Amino acid sequence: MDTKRSEVLQGTLDLMILKTLQALGPLHGFGIARRIEQVSRDVLQLNEGTVYTSLLRLQQRGWIAAEWGTSENNRKAKFYSITKRGQKQLAVEAENWERISDVIGRVLRLEPER
Amino acid sequence: MSLPGESRLRAFMAKARGLLHGHRHDGEFDEEMQEHLQRLAERFVAQGMPRGEAAAAAQRQFGNTTLLKEGRRELQTFLSLEALWHDVRYALRMLRKNPGFASVAVLTLALGIGANTAIFSIVNAVLLQPLSYPQSDRLVALMRSSPAGNQWSTSVPKFMVYREQTKVFESIAAYDFAGPGINLASGDRPEQVKGIHASAGYFEVFGAPIALGRAYTAEEDRPGGPRVAVISNGLWRRRFGGDPTIVGRTVELSGDPYQIIGVLGPEFKSVPPADIWLPLQADPDSTDQGHYLRAAAQCDRKRRSGRRRRQ
Chain C
7 MDTKRSEVLQ
17 GTLDLMILKT
27 LQALGPLHGF
37 GIARRIEQVS
47 RDVLQLNEGT
57 VYTSLLRLQQ
67 RGWIAAEWGT
77 SENNRKAKFY
87 SITKRGQKQL
97 AVEAENWERI
107 SDVIGRVLRL
117 EPER
Chain Z
4 MSLPGESRLR
14 AFMAKARGLL
24 HGHRHDGEFD
34 EEMQEHLQRL
44 AERFVAQGMP
54 RGEAAAAAQR
64 QFGNTTLLKE
74 GRRELQTFLS
84 LEALWHDVRY
94 ALRMLRKNPG
104 FASVAVLTLA
114 LGIGANTAIF
124 SIVNAVLLQP
134 LSYPQSDRLV
144 ALMRSSPAGN
154 QWSTSVPKFM
164 VYREQTKVFE
174 SIAAYDFAGP
184 GINLASGDRP
194 EQVKGIHASA
204 GYFEVFGAPI
214 ALGRAYTAEE
224 DRPGGPRVAV
234 ISNGLWRRRF
244 GGDPTIVGRT
254 VELSGDPYQI
264 IGVLGPEFKS
274 VPPADIWLPL
284 QADPDSTDQG
294 HYLRAAAQCD
304 RKRRSGRRRR
314 Q
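Order-wise, the sequence lines are chains C and Z.
Quick note on the numbering used here: the first sequence kicks off at 7 and runs consecutively.
Quick note on the numbering used here: the second sequence kicks off at 4 and runs consecutively.
Bound conformation, chain C alone (with noise of 0.2 Å):
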């Protein structure tokens, strides 16, 4: 495998999967995994499976809910969609992850000092 490719951070896939659902609207799992894919640009290296440990632990934290329905190739699939609660943790999680990727890339962009 590419070597460049990073593997997920801890934490980081809830905060994406709650993102796309919130842009995109109810996905089934591989969709999800799909569009974490191509908005990754293959920078990502992702254990697709994955996706669905962190939309059950969503699911039992209220943020999202889970639906029985048909996929676009006419199979069952199991649809995820935010609910309010997850709207308002997006909020709060975004926010958290501006200021922190803020203070990380002020610490790294130190110059030695002389």
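Honestly, the hints are just simulated from the structure, not real lab data.
Please read these numbers as outputs of a predicted model, since none were measured by experiment.
Careful: at least some of the hints might be erroneous.
What the hints assert, rightly or not - Taking lysine-lysine and the DSSO-like style, the derived pairs with C-alpha atoms no more than 30 Å apart in a straight line are:
| id | chain 1 | residue 1 | chain 2 | residue 2 |
| --- | --- | --- | --- | --- |
| 1 | Z | Lys-72 | C | Lys-84 |
| 2 | C | Lys-25 | Z | Lys-18 |
| 3 | Z | Lys-161 | Z | Lys-272 |
| 4 | C | Lys-84 | Z | Lys-18 |
| 5 | C | Lys-90 | C | Lys-25 |
| 6 | C | Lys-90 | Z | Lys-170 |
| 7 | C | Lys-90 | Z | Lys-18 |
| 8 | Z | Lys-272 | C | Lys-90 |
| 9 | C | Lys-94 | Z | Lys-100 |
Given the coordinates of chain C, work out where chain Z should sit on it, guided by the hints.
Quick look at chain Z alone, frame taken from chain C:
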């Protein structure tokens, strides 16, 4: 992701549900997983990969399914007592942090449990438990029913009619409501006790156990009959020290001498409560229209009190 308390609670509840429902959703997840793998493989084939390789490639991209299932199980169950203990401690901490919420929750529970306990004790006593009288399934209270309404009270002339002219009862008794009390003077101090004037059938109707002596007879329950009294077990112990030679002793009740002829067993409880029973000594020819009595009866053995009786 950081977790607000509410969501921790939800995850806890989800685990609790998992505990109850077992792994009902495992099958669903298998289905979801197989579908995903198949679509990945189809995609590889569409990109020109040989069918045999595609399945393996799909599996690689998907990851280890056994590990995944284990991860799910971990999310759905309390893996160990330790984890459960963590969750419980967390719950307690949150309750302490939100005293308002905690007190409302505790209050709600307390009121709910309290109300249910109160309701149950009433329902239990009124509906479920049999009356605390022997043969209570044959015990009936007599009620007069008329267009003007139902009345539980009865008069001496009416009682005489019930007693002399009906055949459905094995025994029947009339008694008053214990009244304002009787002054009991005996020994060193006077005392006011509740006394019921009851006809001779009373003890039989209510199955009152006689611990000492005897109950009064129909002979004694006549106008001008002897002044005799039956006392409760409680009064006997409290007032007379449980004296086994009490029978035959004379005490003063509201100024008149009465002879104690019997003591009831400790298990007997009357309604209304009383400590002394005196013969009603009602005149069979009375025309007194005062409805100051109640009537109760034991049905004869063949007629149970299951259905309503009309007279």
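Hints versus structure:
no., hint, result
1, Z/Lys-72 to C/Lys-84, "17 Å, holds"
2, C/Lys-25 to Z/Lys-18, "25 Å, holds"
3, Z/Lys-161 to Z/Lys-272, "26 Å, holds"
4, C/Lys-84 to Z/Lys-18, "21 Å, holds"
5, C/Lys-90 to C/Lys-25, "13 Å, holds"
6, C/Lys-90 to Z/Lys-170, "76 Å, violated"
7, C/Lys-90 to Z/Lys-18, "22 Å, holds"
8, Z/Lys-272 to C/Lys-90, "63 Å, violated"
9, C/Lys-94 to Z/Lys-100, "22 Å, holds"
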